[in-house]
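Asks: Sequences are here, hints too, so could you generate the full structure?
Protein chains: 2
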Amino acid sequence: MAQRRPAAPAGGGAQAVGHASLRRANLALVLRHLREEGSCSRSDIADATGLHRATVSNLMAELLGRGLVREVGIEHIGAVGRPRRAVALDGSHVGVLGTEINVDYVAVYGTDLAGRVLVERRVGFDAMGMGPDRSLKELGRVAKEALDDLTASGAVPAGIGVAVPGLVDVARGAVSFAPNLGWRDLPLAERLQAEIGDGRAPVMVDNDANLAALAEFTGGVAAGTPDMVYLTGEVGVGGGIIVAGALLRGADGFSGEVGHMPVDPTGSRCGCGRVGCWETKVGLAALVSSATPERAYGLGPAPDPEERVAEIAQGLAAGDPRVMAAVAEVGRWLGLGGSILVNLFNPRAIVLGGYFAKLAERLIPPAQAELERLVIAGPAARCRFLASGLGFGAASRGAASMVVEQVINDPTAIGSAPIASTTNLAGR
Amino acid sequence: MAQRRPAAPAGGGAQAVGHASLRRANLALVLRHLREEGSCSRSDIADATGLHRATVSNLMAELLGRGLVREVGIEHIGAVGRPRRAVALDGSHVGVLGTEINVDYVAVYGTDLAGRVLVERRVGFDAMGMGPDRSLKELGRVAKEALDDLTASGAVPAGIGVAVPGLVDVARGAVSFAPNLGWRDLPLAERLQAEIGDGRAPVMVDNDANLAALAEFTGGVAAGTPDMVYLTGEVGVGGGIIVAGALLRGADGFSGEVGHMPVDPTGSRCGCGRVGCWETKVGLAALVSSATPERAYGLGPAPDPEERVAEIAQGLAAGDPRVMAAVAEVGRWLGLGGSILVNLFNPRAIVLGGYFAKLAERLIPPAQAELERLVIAGPAARCRFLASGLGFGAASRGAASMVVEQVINDPTAIGSAPIASTTNLAGR
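Residue numbers (UniProt numbering), protein chains in the order written: chain E, 1 to 428; chain F, 1 to 428.
Worth flagging that the hints you see were computed from the coordinates, not collected in a lab. Computed from a predicted model, the values in this text were never measured in an experiment. Idealized CB from N, CA, C, for every residue including glycine. Among the hints, a few may not be true.
[Said to hold, decoys possible] Computed footprint of chain E on chain F; a stretch qualifies when at least three of its residues, placed anywhere within it, have a C-beta under 8 Å from a C-beta of chain E:
no. : stretch
1   : 251-260
2   : 266-277
3   : 343-357
Replies: Following this line, the structure appears as structure tokens:
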């Protein structure tokens with residue numbers, strides 16, 4: 001798993017750190033090293049991290065106690081030299097659950113810490129019709145089942161990530177506004193915790209596009225690309241932005257709201273009430289109304305988006321000129337909005353999700369041409385549109401990745417019998 | 001100096017690090033700690049960084065040898081306990097030079113590592129009339145004088161930062177395109193080094209808006225705000241973006257090109273050849289042509305921008321309705337473009353430089369109102385337009401800050417007599 005941005009250093013940075021947080025940082029440093037390198041000896045780790053060998057041994061005792069690493073036996077390196085006892089990351093006893101709640105489905109994706117998939121499920125669902133209370137009950141029910149499945153596989157759940165299509169206050173775990181779910185000011189983490197009831201795993205919430213971007217970055221078509229943008233393609237269009245190998249969240253967690261960039265002051269009115277938002281040019285409703293106007297959506301939730309996209313794909317395959325022109329026009333606007341993203345972020349890739357991915361073959365050529373015409377740095381700023389291969393699973397996968405990162409950043413949150421060494425603060 | 005993003009950790013992150021780079025990372029860790037904390041004992045540093053005490057003593061010997069820290073005598077903490085020998089950052093022997101080359105001036109700003117200002121000068125100049133060769137000669141002459149001044153103050157120059165209004169390939173130190181200087185594909189670092197001749201300090205180049213943003217972040221009106229955007233306000237409009245406490249550079253160093261976001265498909269033609277760029281709405285030429293059309297600029301470089309802005313300020317003071325309407329209109333477009341930045345980055349502040357700062361009192365109210373109307377997260381994404389107080393010095397100050405960061409990140413580049421401990425690799 002590529003992660004360019006380094007882990008928080010042991011005690012570096014602006015703020016003074018206490019001994020407990022220093023120990024957490026050092027545990028994370030060791031875990032990240034094991035994740036990158038595979039098996040290592042304790043002295044390899046000491047050499048690579050600059051930590052004292054006694055400190056590494058002490059940290060390792062805690063990680064062994066928490067079931068996060070395991071001894072992998074004796075290794076012999078080269079013809080001479082002492083054999084060494086190696087350790088490796090062991091995630092098999094720790095489970096993470098990613099979930100996504102969207103307009104017409106709930107998805108779950110559970111793995112162990114090493115990335116082995118233990119649960120993957122998608123359940124149809126009508127969020128708008130159900131309202132927030134019944135939606136939360138349904139999400140709680142599906143999550144509880146998945147947690148039971150994780151537990152049955154021997155992986156104790158360490159956390160639940162939830163992806164939501166809307167503005168999320170990440171610090172509070174609350175949804176500020178999710179127009180397509182009809183949610184406003186919903187303390188989702190708290191409410192879901194209450195639904196699940198047993199408090200076995202903390203809940204973290206983020207925007208679906210942010211989490212899909214994280215999934216693309218950790219294991220998708222742009223895996224390891226430190227500067228990239230992910231675009232959801234639904235009736236609404238959201239963005240998740242990776243900058244220098246980390247998710248850009250902004251001051252309040254409201255970054256990446258690409259759908260409402262004003263790009264045409266004489267354009268049509270958006271569902272948000274403003275005029276000329278990018279979404280009115282490239283969202284699914286815009287495409288449907290020009291490609292297949294007899295199917296055009298009114299206001300409110302969009303029924304059967306997959307069916308609409310399938311019809312458009314059929315129109316393309318049949319060479320229907322109206323459909324072809326409509327798709328090309330969306331492609332050009334995709335390139336125009338993409339040029340704003342490239343002028344501002346200078347990413348290496350813009351990954352297209354949702355319906356964009358399904359029509360990528362016909363959308364990308366006009367989008368790429370328009371992008372190249374409009375980007376001010378010209379060909380020097382090399383950026384390609386790429387179609388996502390993760391499909392509907394992207395956001396729930398990303399939600400699981402978020403929990404994995406959380407576990408690595410604070411391994412002390414993983415339950416274990418108290419071990420003797422925890423009285424030795426700060427790893428010495 | 002606030003820096004939220006932590007220093008690179010000792011050996012953490014994805015890539016395996018060699019002993020030399022591990023030692024550099026540990027030296028930087030110690031220097032950053034001293035910069036944040038002021039004076040400390042070696043054992044404080046060991047506690048805070050997790051490094052072994054012997055390692056800290058060894059690193060400290062090197063930093064003392066390079067003149068980057070100094071012993072500050074004995075400190076007594078509390079009523080009991082042993083007295084301790086403290087050390088502190090000592091930047092007085094190390095100089096940094098920031099320079100800016102712009103359309104009509106060259107500026108220099110030289111400090112020691114501790115931030116004491118040793119040189120500050122601005123020299124009038126006609127970049128377009130002179131062409132690249134003579135411009136470089138002039139920049140070289142001014143920089144050489146400033147280096148001599150630094151040296152005369154006892155500060156050995158550690159590096160020269162150059163701010164350029166254009167697209168910069170930071171890794172190569174080359175200017176890809178600077179339309180207002182008439183430069184294209186100019187290997188500036190190499191050429192300036194040759195002008196200066198004696199190789200006494202390496203040259204680093206970056207975009208003027210990026211460096212002004214860095215100056216605002218380290219010591220301006222938005223100092224320490226981890227998520228902020230800086231806008232230059234000239235005939236061209238550039239942006240520098242700070243994300244999570246660090247300058248956003250993008251994959252090729254071409255980020256922050258706000259001036260050419262397409263915001264009006266039926267708008268007027270931009271100097272870049274495209275249509276409806278934000279610059280055609282908020283750049284100085286746009287304002288002059290609607291506020292004082294008899295002064296409107298043609299194509300090519302804009303003469304006397306400061307005079308034009310002064311005339312507009314007079315028109316405002318006199319209550320000239322045409323001028324007032326023109327400024328309000330620019331304010332509204334500033335808010336519209338600002339809403340794109342807030343939707344994407346969710347910054348806490350947008351700092352207005354250049355002519356925007358001079359007319360801030362009349363520009364900010366309509367800009368702020370339009371911003372709040374258009375931002376999709378509404379009042380939850382709190383972002384204020386603020387007027388820069390750094391004036392023309394912002395970019396050269398930021399160029400100096402860039403060199404300071406470089407020195408902290410790699411203290412081994414600072415010359416010193418070889419010291420015994422350098423054979424002990426990796427700090428032990």
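Asks: If a hint holds in the structure, say so; if it does not, say that too.
Replies: Results for each hint:
Counting residues of the stretch 251-260 of chain F whose beta carbon lies closer than 8 Å to any beta carbon of chain E gives 10, which meets the minimum of three for the stated coverage. Under a criterion of three residues with beta carbons nearer than 8 Å to beta carbons of chain E, the stated coverage of the stretch 266-277 of chain F is upheld, 3 such residues being counted. Chain E is given as covering the stretch 343-357 of chain F, and this holds because 6 residues of the stretch bring a CB closer than 8 Å to a CB of that chain, at least three being needed.
Checked against the numbered hints given earlier, the structure satisfies every one of them.
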